[in-house]
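Participant: Which chain is which? The protein sequence lines are W and B, in order. Take the first sequence: its letter number 186 is residue 186 in this note's numbering, and every next letter is one higher. Take the second sequence: its letter number 47 is residue 47 in this note's numbering, and every next letter is one higher.
Think of the hints as simulated: they come from the structure by calculation, not from any bench. Be aware that one or more of the hints could be misleading.
Okay, derived cross-link-like pairs now, EDC-like style, lysine to aspartate or glutamate, Cα gap no bigger than 16 angstroms in a straight line [what the hints assert, rightly or not]:
id	chain 1	residue 1	chain 2	residue 2
1	B	LYS2	B	GLU36
2	W	LYS326	B	GLU120
3	W	LYS22	W	ASP32
4	B	LYS2	B	GLU30
5	B	LYS57	W	GLU38
6	W	LYS349	W	ASP338
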Amino acid sequence: MNPLLEQFLSESREFSQGIGEKLMQMEDAPSDQGLINELFRLVHTLKGNSGLFTFPEMTRVLHAGEDLLGMVRSGRVAYSRELADRLLDAIDFVMELCADIEATERIDCSRAQDSARVAHSLRALIPIVETEAPAPAAIDAANTPELGLLAEVPEATRIEALNLCRGGEDLHWIRFVPAHDCFFQGDDPFFCARQTPGLLWGGARPSEPLKSLAELDTYRCVIEFHLLTSASREELNEHFRYVPDQVRIAVVNRRCLEVSEFKTNGTRSADKPVPSATLDEASQEQIAAVHAILAAQQQILMNDDRPDSRAGRLHATGTVLRNLAKCAGDQVALSEIDAALTECVTSGKNSLLLMWLEAGKQHLIDRLLAPPDTCLPGRPMSEDPTWDGRLDHTFKTMLDTHLSRYRMASQTVTHLAVSGGATSIGLDRPMIELF
Amino acid sequence: MKRVLIVDDAATVRMYHRGVLESDGFAVEEAMNGIEALEKVLETSFDLLLVDINMPKLDGFGFLEEVRRREIHQPPAIMVSTEAAARDEMAAYRAGANSYLIKPVRPLQLLTHARLMLGEGGR
Numbered sequence: 001m002n003p004l005l006e007q008f009l010s011e012s013r014e015f016s017q018g019i020g021e022k023l024m025q026m027e028d029a030p031s032d033q034g035l036i037n038e039l040f041r042l043v044h045t046l047k048g049n050s051g052l053f054t055f056p057e058m059t060r061v062l063h064a065g066e067d068l069l070g071m072v073r074s075g076r077v078a079y080s081r082e083l084a085d086r087l088l089d090a091i092d093f094v095m096e097l098c099a100d101i102e103a104t105e106r107i108d109c110s111r112a113q114d115s116a117r118v119a120h121s122l123r124a125l126i127p128i129v130e131t132e133a134p135a136p137a138a139i140d141a142a143n144t145p146e147l148g149l150l151a152e153v154p155e156a157t158r159i160e161a162l163n164l165c166r167g168g169e170d171l172h173w174i175r176f177v178p179a180h181d182c183f184f185q186g187d188d189p190f191f192c193a194r195q196t197p198g199l200l201w202g203g204a205r206p207s208e209p210l211k212s213l214a215e216l217d218t219y220r221c222v223i224e225f226h227l228l229t230s231a232s233r234e235e236l237n238e239h240f241r242y243v244p245d246q247v248r249i250a251v252v253n254r255r256c257l258e259v260s261e262f263k264t265n266g267t268r269s270a271d272k273p274v275p276s277a278t279l280d281e282a283s284q285e286q287i288a289a290v291h292a293i294l295a296a297q298q299q300i301l302m303n304d305d306r307p308d309s310r311a312g313r314l315h316a317t318g319t320v321l322r323n324l325a326k327c328a329g330d331q332v333a334l335s336e337i338d339a340a341l342t343e344c345v346t347s348g349k350n351s352l353l354l355m356w357l358e359a360g361k362q363h364l365i366d367r368l369l370a371p372p373d374t375c376l377p378g379r380p381m382s383e384d385p386t387w388d389g390r391l392d393h394t395f396k397t398m399l400d401t402h403l404s405r406y407r408m409a410s411q412t413v414t415h416l417a418v419s420g421g422a423t424s425i426g427l428d429r430p431m432i433e434l435f
Numbered sequence: 001m002k003r004v005l006i007v008d009d010a011a012t013v014r015m016y017h018r019g020v021l022e023s024d025g026f027a028v029e030e031a032m033n034g035i036e037a038l039e040k041v042l043e044t045s046f047d048l049l050l051v052d053i054n055m056p057k058l059d060g061f062g063f064l065e066e067v068r069r070r071e072i073h074q075p076p077a078i079m080v081s082t083e084a085a086a087r088d089e090m091a092a093y094r095a096g097a098n099s100y101l102i103k104p105v106r107p108l109q110l111l112t113h114a115r116l117m118l119g120e121g122g123r
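Chain B extracted, bound-state conformation:
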């Protein structure tokens, strides 16, 4: 079972994303900010990271930069944000994201991205 770490300070969004991913058989863990997420990534190998940008303590950019800087397992990362500006999209890729989705992410959209990035989206 593929493991996804949801990193978001909004409990509503975490619950929504968890519901979508679990409905498709993913195992989900949650973190409320970048610091908590980094601790989890350092102790567990995840297959996919689903990361919000704006969070307290350590934001999504900072978290991904920390992950990509380390010699650890490097899972693909989807960054989710309400910011639709190109600036944020490019900053997300530079920080270490592999995909950029605008909230609210539709269930099928999230699952399609997750499946493809995990090699399970064959036709």
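Isolated chain W, as found in the complex:
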């Protein structure tokens, strides 16, 4: 067994024991806020640890426990004997899962049902009851408008899919529309979509017309996924078992794949410009990180309201910006940042560095994200045929912000960027290929 898993099991047992002890102590002091906080922390940490591995059955129960204790902590749910009993049952279940992991290094999917039951028993004590949703709805393939989106599938994939169909396999088309508030539920829709078993192709597009940047709520998920897969219905039900209400699954009719010309908006996907390059994982991370870090420094500089720690935060932010400029090999930016930083320290205001960031951010991004073989000095990025400013500012800024929320959203930007992008993306626009 690898040392990290051993450490996880050891700590899980230690924390489970701690949770049991704290619950016992609470019988004598049910309103002891210190005890409640400590109990919450233990469950919260255990849940965080389980997230390092693929143990959704364990995470689900601990997530429900954490939510319930969060309500107790905030006074919205009163501590009771029944609550303690259910938490103890949940911890017993977690310990059983630990035993499974110790024996086989995995949790058998047969535990999923028990996990759902235990989580439900905890959530039932939360005023707004989260009920189990039914299995994903099967829909009639013949009347499925989504299947028109098969036109988006590249020719090579269509032929591969057709061959699988001819070999007797059932293919499925999935429309996965994550809940608008999924970021607040701890869900990772991109990961879930990308991990779909038997995935042959996948794409994403906005699930509703996008608003202007000023009106846009970037914490609201407005993306839907379309996935073509060779997995069985059972495998798909299992994979989407936590979000069955967000998924529609249709059997793909072989005839749909045999049609050589898909008529959607008068074009075939094969005729559209196909991204000429797919960036590797490291480049995608680089894009997401650069955007997220710069956006964070901007937020920090805008929050100027804590005089006692302002200098410390300013210096740390200055260091981050200097280091980004260093990564970009941008000597001019380095000296500009130094000058702005000195002025900010002297004046006691962040405005100059903030102004520099607002003005110089895009240049820094362009330099940091330029393909390695791009000749940067003396050539404005707008002359570069692949990295120009063709993206609509609103959509790009929205995606910038989404990048830090969506793990793989960087690919969306990448594909838009390398394919020439749409100046704006709406429901009438082609899907962005993700996989």
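With chain W's structure known, arrange chain B on it following the hints.
Facilitator: Relative to the frame of chain W, chain B by itself:
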């Protein structure tokens, strides 16, 4: 060699982050809570802080506020949390974090952030 201080009450998470960072040549030290971390920061100059939020004795917000309030070396800080709410992200920046990542942080994601924030992430 760049020095990173990992501040987290979960030994599993510390071990995971240590493994990722050491694999890329970082020197790593650990602290189990904000108090222990503050003691370390006051005696050693770190290049980067990797800080959990929810910890006993002194949480991640409190620790960073203490660091930023002092006239000491001010390393960039990445706050890691399972809380995905915007409220926590903003609170992290106000406390003194320079970046906010949601657990579980993927190895490449952590390394990319660390390298960029330390000036070693050039292409």
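Participant: Which earlier hints can't be squared with this structure?
Facilitator: 1
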